[in-house]
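Enquirer: Here is how the chains run, residue by residue.
Number of protein chains: 2
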Amino acid sequence: MGSLTEENYIKSIYSLSLEAGEVSVSGLARKLKVKLPTVNSMIKKLAAKKIVAYVPYKGIKVTEKGKREALSIIRKHRLAELFLVEVMGIGWEEVHDIAEQLEHVESDTFYNRINQMLGNPKVDPHGEPIPDIHGKVAARKRLSLGEIAEGDSARITAVGNDEKSFLDHLNSKGLQIGDTITVRKKEEFDGSIVIVTRARKETMLSHQVANRIWVEADPAGHG
Amino acid sequence: MGSLTEENYIKSIYSLSLEAGEVSVSGLARKLKVKLPTVNSMIKKLAAKKIVAYVPYKGIKVTEKGKREALSIIRKHRLAELFLVEVMGIGWEEVHDIAEQLEHVESDTFYNRINQMLGNPKVDPHGEPIPDIHGKVAARKRLSLGEIAEGDSARITAVGNDEKSFLDHLNSKGLQIGDTITVRKKEEFDGSIVIVTRARKETMLSHQVANRIWVEADPAGHG
DNA sequence: TTAAAATGTTAGATACCTCTAACATTTTTT
DNA sequence: AAAAAATGTTAGAGGTATCTAACATTTTAA
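Just so you know, the protein sequences line up as chains G and V, in that order.
For the first sequence, counting from 1, position 191 maps to 191 in my numbering; every step adds exactly one.
For the second sequence, counting from 1, position 187 maps to 187 in my numbering; every step adds exactly one.
Everything labelled a hint here was simulated from the structure, so no lab data went into it.
Quick caveat, the model's predicted, so the values are computed rather than measured.
Glycine included, every Cβ here is placed at the ideal spot set by N, Cα and C.
One or more hints might be untrue.
[Said to hold, decoys possible] Below, a sample of chain V positions facing chain G; criterion: calculated Cβ distance under 7 Å:
#1 Lys50
#2 Val85
#3 Met88
#4 Ile90
#5 Glu94
#6 Gln101
#7 Val105
#8 Ser107
#9 Thr109
#10 Phe110
[What the hints assert, rightly or not] Derived CB-CB ranges, DEER-like:
#11 G:Gly2 to V:Glu64: 46 to 54 Å
#12 G:Ala20 to V:Glu6: 37 to 45 Å
#13 V:Met204 to G:Gly119: 53 to 61 Å
#14 V:Lys58 to G:Gly2: 35 to 43 Å
#15 V:Ser172 to G:Lys136: 37 to 45 Å
#16 G:Gly2 to V:Lys50: 28 to 36 Å
#17 G:Gly178 to V:Val137: 40 to 48 Å
[What the hints assert, rightly or not] Listed below are the simulated DSBU-like cross-link pairs for lysine-lysine, each with C-alpha atoms no more than 35 Å apart in a straight line:
#18 G:Lys49 to V:Lys58
#19 G:Lys33 to G:Lys61
#20 G:Lys67 to V:Lys164
#21 G:Lys31 to V:Lys164
#22 V:Lys58 to V:Lys44
#23 G:Lys45 to V:Lys45
#24 V:Lys35 to V:Lys58
Construct all of the structure, not just a fragment, from the sequences and the given hints.
Expert: See the structure below:
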């Protein structure tokens with residue numbers, strides 16, 4: 001559709017809007033690592049194209065059209081990530097940066113084949129749902145590891161950040177999607193938690209990390 | 001290295017230089033489908049970066065540095081094409097346009113894995129040699145089908161054009177890399193030739209087509 | 001509720017890549 | 001060798017995406 005830059009704006013606006021509904025100019029500037037006036041002028045352009053609705057000094061809202069475009073890019077990004085991991089054997093901490101580039105490839109053939117080779121998959125290597133070709137996303141209840149009570153177990157279903165530094169951190173703690181872990185202790189003081197990993201090791205996670213790990217409560221428990 | 005635009009200039013300059021040694025501003029403008037002044041100013045920029053040597057009103061020459069960059073892009077393009085055909089099962093007439101996009105992906109991991117999965121391949125799906133990681137290209141004798149004498153046989157080793165329209169044409173004639181064919185008749189008049197295909201069908205090829213099919217003489221002969 | 005801080009906007013500049021119009025040089029043809 | 005054609009260059013402008021500096025509005029804190 002639009003330029004590479006536009007695609008990056010749309011994707012960021014959409015993902016911020018999932019967290020907060022309305023998106024601020026400053027939030028977007030922070031996410032895209034550009035200055036406020038840069039965002040301001042791009043938003044005007046996107047508003048002219050009806051991709052966002054914008055009221056000066058208020059906020060940015062994604063339109064239906066914008067949502068469609070965002071989901072198409074996110075679909076390509078997540079299919080690419082899964083392909084890189086499953087077919088090419090690249091580590092999950094490396095695939096985000098490559099997928100950032102592949103998501104801009106324009107070729108139905110390319111993405112249809114990827115989808116077919118992966119068996120029309122539903123989630124990417126970080127546990128995030130892959131929108132289907134019509135832009136439908138499987139709804140997910142988002143319970144973070146930080147919300148699990150002391151003594152309870154949970155299974156990791158996704159991670160809320162796919163930057164290399166974050167995933168390297170999880171790798172070093174021995175955490176993977178699908179692992180069942182138990183919360184041993186929760187610190188009031190700083191929100192950090194101590195968990196028992198699948199490998200029966202105790203390890204500490206900061207508040208910031210625990211809140212970026214999505215889980216589902218484990219009915220059976222373990223450990 | 002440089003921008004996407006720069007990469008496209010470098011690649012085009014290099015491939016034109018293989019045909020003619022020196023490259024003209026107008027030839028480059030034709031190839032890139034931009035106007036003369038556009039090329040003129042970009043060439044000045046590339047000359048400032050020592051990627052080409054340029055003497056106004058004379059010609060454009062690729063420097064060693066330029067050659068290195070060009071070969072690195074060409075390597076990525078041809079690895080991508082082969083990957084798309086061999087691993088993803090996409091038709092050879094479709095892969096060029098996708099590879100044009102993939103060649104700009106910046107990731108050693110990505111291309112090292114592709115190279116590894118393909119077993120460090122030497123030629124792409126169109127029979128063109130893949131430069132190795134140091135920029136070394138296997139030398140190839142280039143004999144075109146148009147140069148084969150009446151009655152002689154030859155084996156197709158490569159095609160000198162990877163546009164979809166050209167490859168669709170070859171597909172419709174039932175021609176593939178590796179096929180051994182026989183030249184039945186050569187027309188003085190327009191340079192067209194009649195050949196016998198591997199499937200023992202007679203078919204006519206125009207001068208323009210015959211000269212874009214690279215062959216090696218078949219010592220054994222056939223049919 | 002006023003002052004301070006945070007957030008947002010406008011104006012004007014720059015780099016990149018492209019164009020058209022006008023002019024210059026080189027090559028080809030007569 | 002002069003004229004015509006082809007090729008190349010310069011000047012000036014426009015769109016995109018970015019920036020800094022100055023100003024405006026909204027939110028938060030004193």
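Enquirer: So, Thr109 of chain V near chain G? Judge it on the closest CB pair being under 7 Å.
Expert: Hint on Thr109 of chain V: holds, closest Cβ of chain G at ~6 Å, below 7 Å.
Enquirer: Starting from Lys58 of chain V, check that the Cα of Lys44 of chain V is at most 35 Å away, please.
Expert: Measuring from Cα to Cα gives roughly 13 Å; hence the hint holds.
Enquirer: Regarding the pair Lys67 of chain G and Lys164 of chain V, is the alpha-carbon distance no greater than 35 Å?
Expert: holds (33 Å)
Enquirer: Against chain G, run the beta carbon of Gln101 of chain V and see if the smallest gap drops under 7 Å.
Expert: Holds, about 5 Å.
Enquirer: When you check the alpha-carbon spacing of Lys31 of chain G and Lys164 of chain V, does it fall within 35 Å?
Expert: violated (40 Å)
Enquirer: Between the beta carbons of Ala20 of chain G and Glu6 of chain V, is the distance compatible with 37 to 45 Å?
Expert: holds (39 Å)
Enquirer: Given Val85 of chain V as an interface hint, is the shortest Cβ-Cβ distance to chain G below 7 Å?
Expert: Constraint on Val85 of chain V not satisfied, violated at 11 Å.
Enquirer: Are Met88 of chain V and chain G close enough, Cβ to Cβ, to be under 7 Å, as the hint says?
Expert: For Met88 of chain V, the interface hint holds, since the closest Cβ of chain G sits about 5 Å away, which is under 7 Å.
Enquirer: Lys49 of chain G and Lys58 of chain V: Cα distance at most 35 Å?
Expert: Given that 35 Å is the threshold and the Cα spacing comes to 46 Å, the pair is violated.
Enquirer: Are Lys33 of chain G and Lys61 of chain G close enough, with their CA atoms no more than 35 Å apart?
Expert: holds (20 Å)
Enquirer: With chain G as the partner, please determine if Val105 of chain V meets the hint condition of a C-beta pair closer than 7 Å.
Expert: holds (5 Å)
Enquirer: Would you check whether Lys50 of chain V satisfies its interface hint, that is, whether its CB is within less than 7 Å of any CB in chain G?
Expert: violated (27 Å)
The structure fails hints 1, 2, 11, 13, 18 and 21 (numbered hints given earlier, in ascending order).
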